Amino acid sequence: MTALNTASRKHRPSTSLGRWLLPLYVAIALVFLLTPIVYTFVFSFNDSAKSNILWSGFTLDNWTNVCNAQGVCAAFGTSVVVGLIATAIATVLGTLMALALVRYRFRGRTALNLLLFLPMATPEVVLGAGLAAQFLTAGVAKGFLTIILAHALFCLSFVVVTVKARVTSLDPALEEAGRDLYGSPAQVFWRITFPLLLPGIVAAALLSFALSFDDFIITRFNNGPVETFPVYVYTAAARGLPAEANVVASAVFLLALAIVIGAQLTAASRRKRIAKT
Amino acid sequence: MAFATLAASSGSNVASARRVGRVALILLLPGTLYLALFFLTPLISLLLTSLQAPVEFGDVGQYEAAFRWENYVAVVDAYGAQFLRSFLYAITATFFALLIGYPLAYFIGVTARPWPMLQGILLTLVIAPFFISFLLRTLAWKQLMSDDSAIVSALRFLSVLGESEPLTGTAFSVIFGLTYNFIPFMTLPIYTTLERLDLRYLEASADLYASPVTTFRTVTLPLSMPGVVSGTLLTFIPASGDYINASSSFLGSSSTSMIGNVIEANFLRLLNYPEASALSVLLMAIILVIVAAYVKRSGTEDLL
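Chain order of the listed sequences is A and B.
Everything in the first sequence is counted per the numbering used here, starting at 6 for the first residue and increasing by one.
Everything in the second sequence is counted per the numbering used here, starting at 809 for the first residue and increasing by one.
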């Protein structure tokens, strides 16, 4: 560690201007990245009668009566339900595929990897229009079901990529040890393989939910009359978004932040534990 | 019990080849079917719809199966400008995102490496925009750039912006929004490669009397190329198909509409499914060609 330290120090530019240039640049970039978040958060406390554009005083009402604004809570609920179902589908299908893709060599493996990569390389507007064209041709009415089917599709590839990384990093010796100790295949899977994969699966599920929850472009093509939270925001944006929408977005932001920080603290404490032993 | 055999098959157990094959099939079948049904078939639907012809004396939105290749000629004639604009905006936004994302990734992955805690905090800050709704963060910029905002007043005071010129609804605001929204996509893959960069290479380069600039150009940058390629693709692809930033209720106006806006309007409002589909097929084809050429040129095929 000390060797690395000196190495990195040695290669920092020696002039005092150069030394400060990169941290300064990074600080400015971070301020830039965080500005809209702070703005959204601050304006969730705006005492606005109609449009939430100009600051007109501090209030907690938007937070305490968030469902007062018509449609906000319903749209939020729809997004949560859609996200949960789509995530469940994508996580199960994706985990199974990831296991097979890492553990087995079979004909068509390259083709399948390409098939999984393509949805990620397709612009969302094309995915959305394609699904809409298909539902139109098949005569399926757009609504709740079509949103879920669409969301599970674009989440699937991300789940496979995330879980695959975890399966690849799995030490086969652990499973071997389980078998050497006369564990049945089922025992080995459920008591060794699955628990070791679980962090990867959870990460994939969280990513999948986040993608689904925030998706607008694909949803817009397949939602019919059903309003998810982003669809609500888009429609309301034209006539002025109520501050309650900022409340929902800020609350979701804080929740996501708490999850990420929690995960990082757990990882850090685990590193410390390992370092001690 | 698919799982059980899976656990067994990875080791030295001699499960029969046929049994292993069956397990792989069981694991792969549901996902592959899903992709076939909801990714491949929609692409075929898109292709077929793009060739449809309007029903004679039919209502708006009524089309019948045909091979009307003229649809493609028609959309290129009508929307060539929007195509060009989309790629121009997307390339510019990708460039600026790289300009902002690379130093960020370098600082987190290399400079901050001795302090894991700081790395964690910085990474969280970089992905923080993901946690707030895409639409709301774009709307926030719209309001920050609105006519009575401090930014616009300052720019008018400095005469960068004319008295009656708006800041939103311009090419500047759309590219600004695209850049902003995709910076995390650019930063994360670059960070991943820089995080694994062996600092001894940099030391070796300095020992051979290379200046920091030479070290960066000949050692750091080439070694981080896979991250740069992923990052630029992850920015360029969604940016070229985006229609939120360029939409007139967000940062754009009718003079900034990109191909995504045209597809959206044709499909959902004008119910002109064949033209919207033809545009989508063209967009996808152009992007695939660009991506393939780019990946080949940068020599990182194994990325796919």
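Hints in this document: simulated from the structure, not taken from any laboratory.
Some hints here could point you the wrong way.
What the hints assert, rightly or not - Calculated Cβ distances over 12 Å to all of chain B for the following chain A residues:
# : residue
1 : 50
2 : 72
3 : 76
4 : 219
5 : 239
Unchecked claim - Listed next, with one range per pair, are the computed distances between beta-carbon atoms:
#  : chain 1 : residue 1 : chain 2 : residue 2 : range
6  : B       : 863       : A       : 207       : 22 to 28 Å
7  : B       : 970       : A       : 114       : 47 to 53 Å
8  : A       : 62        : B       : 861       : 29 to 35 Å
9  : A       : 208       : B       : 861       : 43 to 49 Å
10 : A       : 37        : B       : 855       : 22 to 28 Å
11 : B       : 1073      : A       : 62        : 37 to 43 Å
As the list claims (entries may be wrong) - Derived coverage of chain A by chain B (criterion: at least 3 residues anywhere in the stretch with Cβ under 8 Å from a Cβ of chain B; other residues may be distant):
#  : region
12 : 62-71
13 : 78-89
14 : 101-112
15 : 145-151
16 : 203-215
17 : 220-226
Predicted, not measured: the structure shown is a model, and the values here were computed from it.
We put the CB at the ideal spot given by N, CA and C, even for glycine.
request  = Quick one: which hint numbers does this structure break? Sort them smallest to largest.
outcome  = Per hint list: 4, 5, 6, 7, 8, 10, 12, 13, 15 and 16 violated.
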